Amino acid sequence: MNRRWWLPLILALLFLLSILLPHFGILNLYLQQVLMYVGINIILTISLNLVNGYMGEFSVGHAGFMAIGAYISSLLTVWVFPKSWGPFVFPLVLILGGLGAALAGLIVAFPSFKTRGDYLAIVTLAFNMIIKSVLENIEAIGGPRGFMGMSKLTNVAWVYVWVLITIFAIRNFVFSAYGRGILSIREDEVAAELVSVNTRQTKILAFVISSFFAGIAGGLFAHVLQFINPRSFTILKSTDVLVMVYLGGIGSIMGSILGASIYTILLELLRPLGVWRWVVGPLLLVILMVTRPRGIMGLREARWLLPAEEVQADAAVTS
Amino acid sequence: MMTPDAPLLSVQDLVVSYGNIKALRGISFEVHEGEIVTLIGANGAGKSTTLRAISGLIPIEDGRIIFDGKDLRAYPPHRIVELGISHAPEGRGIFGTLTVMENLKLATYARRDKDEIQKDYRRVFDLFPRLEERKNQIAGTLSGGEQQMLAVGRALMTRGRLMLLDEPSMGLAPILVQEIFRVLQEINQAGTTILLVEQNAHMALQVASRGYVLETGSITVQGTTQALTKDPKVKEAYLGG
Chain A
10 MNRRWWLPLI
20 LALLFLLSIL
30 LPHFGILNLY
40 LQQVLMYVGI
50 NIILTISLNL
60 VNGYMGEFSV
70 GHAGFMAIGA
80 YISSLLTVWV
90 FPKSWGPFVF
100 PLVLILGGLG
110 AALAGLIVAF
120 PSFKTRGDYL
130 AIVTLAFNMI
140 IKSVLENIEA
150 IGGPRGFMGM
160 SKLTNVAWVY
170 VWVLITIFAI
180 RNFVFSAYGR
190 GILSIREDEV
200 AAELVSVNTR
210 QTKILAFVIS
220 SFFAGIAGGL
230 FAHVLQFINP
240 RSFTILKSTD
250 VLVMVYLGGI
260 GSIMGSILGA
270 SIYTILLELL
280 RPLGVWRWVV
290 GPLLLVILMV
300 TRPRGIMGLR
310 EARWLLPAEE
320 VQADAAVTS
Chain B
65 MMTPDAPLLS
75 VQDLVVSYGN
85 IKALRGISFE
95 VHEGEIVTLI
105 GANGAGKSTT
115 LRAISGLIPI
125 EDGRIIFDGK
135 DLRAYPPHRI
145 VELGISHAPE
155 GRGIFGTLTV
165 MENLKLATYA
175 RRDKDEIQKD
185 YRRVFDLFPR
195 LEERKNQIAG
205 TLSGGEQQML
215 AVGRALMTRG
225 RLMLLDEPSM
235 GLAPILVQEI
245 FRVLQEINQA
255 GTTILLVEQN
265 AHMALQVASR
275 GYVLETGSIT
285 VQGTTQALTK
295 DPKVKEAYLG
305 G
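Order-wise, the sequence lines are chains A and B. So the first sequence is numbered by our numbering: it starts at 10 and just counts up by one. So the second sequence is numbered by our numbering: it starts at 65 and just counts up by one.
Chain B on its own, in the form it takes in the complex (with noise of 0.2 Å):
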């Protein structure tokens, strides 16, 4: 059993490397219930394969993560999602020749509880209308926000406990953006944990209450979301000025 005040997530000294090249070099963080914790960081800073190493998608080479009072090295990916870790990954990876209804039905696939399934496909479609009236589209035919917003709806139907979003605005329209941002204050609120990876670090510490920016591998700045729109070196280098 874990400890009241223990975190949900807590990522610590993680190395990943891909081939001779570090992508970690021995991050540590956490992510406690209920909060919504950003990632920022410019390409390349290994914001997504921290992501990947969460989700057990890539080999860690030294470290640990443990979720739940779990050490995810044990798992494998699917096993990962049942656990209660969603995930909706950098580039959306829908599913484009399915229709959109199918794409959710495809994340309900590990999940038993029928009922609860079909209160979910309404929780999905509440927050995205949008969805709803595109249900029987090919996913492949949506537009970028729309994707977008089947991405996280399908990541919502896996109803982890803690989710995880891969550059949610990237490729979208400022409007669709702040759409997106709000569904996630939404969802959060509603009480689900979110660790969200952006290279929009505007967009993403105003919802956030904790960030981290992450420089070549290496965890650089720290603090809450009002002490990191505060300093200088993240405004220099993030918040333009």
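Isolated chain A, as found in the complex (with noise of 0.2 Å):
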């Protein structure tokens, strides 16, 4: 009955190989780093896309709530618990971290959505130059130095386990009835609000979700790199997170999967070419978006992620 036995087949052989592949030495230290980034910027691609995509509201600036969830975690790992606690507390570490993020999301949210349009876009950006200043003037956790000391307790295994869990959640919340809202708020605000949408709360709500995850990323890239600044968090990286929403397609989980991985991998192969990377990089977006305005998936799904009953909806169409 069931036609996606092979699904959580597949999802738990990637995870045996997540763990085995590093293990093994079969992948090297430098593949296995890109692969790690390539997942924290699922993560944050998913996350941003909730808003940005599902819900079409324009934030630019994802980077901040990353910031937090990064400086909390680390803040964490390294003067709270014991160096050796380190790979126990990990998950609860990056939730909290997660949860830094959240709050500061629902500060942002409060008064952003208390108005409509283009404010959100204005607020998030201050947002992010406010982070980044703050955390340059906290001399106690390194400036604009930046803080060290974190272990790498970041692993393939664990980014895999986090990109899953965001691809999940982000999933069923936006196929949930709660979920249905946030798309009715995109299309049009007065009729969502027409069929009984309590359209800011479900903004709020998404909103806090959508920098619930970038906080996690956060957490995952400080202990992957175990040394972070104020300046890996400017509207820069924020730019970045917008550009592989748009290049995989808004309103698109696959999409997002899609872009954050080709932008990441891409400018990565591009890497020989120095300086030159980020004039190829732009140029090749450029070009896609001429010819593909709507992102690589542009609102579609792939069949996996879609709901049993959207999936048996499609085959009665074209039967």
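Just so you know, these hints were derived from the structure itself, not from any lab. Do not take every clue at face value.
Under the rule of at most 25 Å between Cα atoms (straight-line distance), these lysine to any residue pairs were calculated in the SDA-like manner [stated by the list, open to error]: (1) A:123 <-> B:81; (2) B:199 <-> A:123; (3) B:169 <-> A:18; (4) A:123 <-> B:125; (5) A:123 <-> B:146; (6) A:123 <-> B:124; (7) B:86 <-> A:199; (8) B:169 <-> A:161; (9) B:178 <-> A:123; (10) B:178 <-> A:182.
These numbers come from a predicted model, not from an experiment.
Put the two chains together into one complex, using the hints given.
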């Protein structure tokens, strides 16, 4: 009956590979690093897609939330917990970082969603700058020099698990009744209210969830690099995430997975070009946007991510 | 509790402004259970503004709106829908990139009565067979008439006791206008009270039992539709002599 029996199997197999390949040295450290960045970027992209793609708002300060998650989790592993506890408390630490980011998201969302339209872009832009300045001016956590001393707690398997959690959570949220309310806000906010969607509350919730996962990504990032500084989380980082969202296509989780993977790997492949990769990469992007303005997936979703009833509905139409 | 004779909807001295411009200058009217009441008037008379104020989409400056004994000023838009006011807005407001079925499903957002929802889908599809044929089509690709059907169908799915309709005839071919109005009468006969806003006074006065004429934010004429169709002023201004 269940036509998706293979899906958990593949996911479990990939999980095994994510442990075994690095363990037996089949993947060298460099490739592992790239894979981890791909995963972290997937988390960032899917979470931003929730706000910018599914909900149709325009948030441009995702790196700010990432910074909060990165700093909170790093402070916890370096100052609060003994080093030997590291691997055991790591999930907890990440979640605390995510919750910190979510709280910041709530504070940003609360006033922003009283108004409509472009205000969110301005507020999130300002937020991103404020976070960076605040971090630069707290001498206790390194100020502009940054913060270090974290163990390398992030590995391919952990990133993989968090990517799965992100996909699972946001996919189920989007296809829930509540999540349908998010789509209705994107389509027509007035009409959304007229089908009894509490638009303000829905927007705030989506924004908080999005911020939470940005915080998780920040925590993972900090424990790959083992060094963070405020300059890692500027508006440039936010722009990278925006690019990955629109490259992959709005309103599509598969799109975000593709967008994040392609963009991250592409910039890695272009590394030999030195500074010129910042010309070639964006240029490719311009070409893609001209030829395919809705991104790679463009509002469509991969079949394996759709709920079973929708797949059946599709089948009914085509038959 | 409301008394048996109390109107379902009572608008009292409603004033609404957009900045310095007064869109409604203290209008009062009533809609009783089971009626079709129409608000007719030219562009900019304040018809849509009235409906938007009832649904809570714009702030009220002065006056009261009482629905089923409750002062609506205390409720946000999504709660007003749950109290039992459905609204098919001006320009239809359909969710363009979603399918017809998803549009209808969204209208059941706040409802928990699963069995009744299934019955209501059936009812919408019986009223508008065209929507059933196209239920998996993206709503933005429907024709204007079909989109209007969808807007009415979606309003039906929220299952209000009072349905607010904002210019359902706008931009439609005459035959489709006939069709929509026929369905509105059916919906009314099945027990839904309707407040209909129209520029097409001719059609509106045919289906309604009472009407109000709105001119630059004030009600100038009111009465039964028979009286309105005979009124020389209404005849000249809205029915083409």
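Structure-based check of all given hints:
no.	hint	result
1	A:123 <-> B:81	holds, 20 Å
2	B:199 <-> A:123	violated, 35 Å
3	B:169 <-> A:18	violated, 33 Å
4	A:123 <-> B:125	holds, 19 Å
5	A:123 <-> B:146	holds, 22 Å
6	A:123 <-> B:124	holds, 18 Å
7	B:86 <-> A:199	holds, 22 Å
8	B:169 <-> A:161	violated, 48 Å
9	B:178 <-> A:123	violated, 33 Å
10	B:178 <-> A:182	holds, 20 Å
In summary, the structure is inconsistent with hints 2, 3, 8, 9 from the numbered list given earlier, while agreeing with the others.
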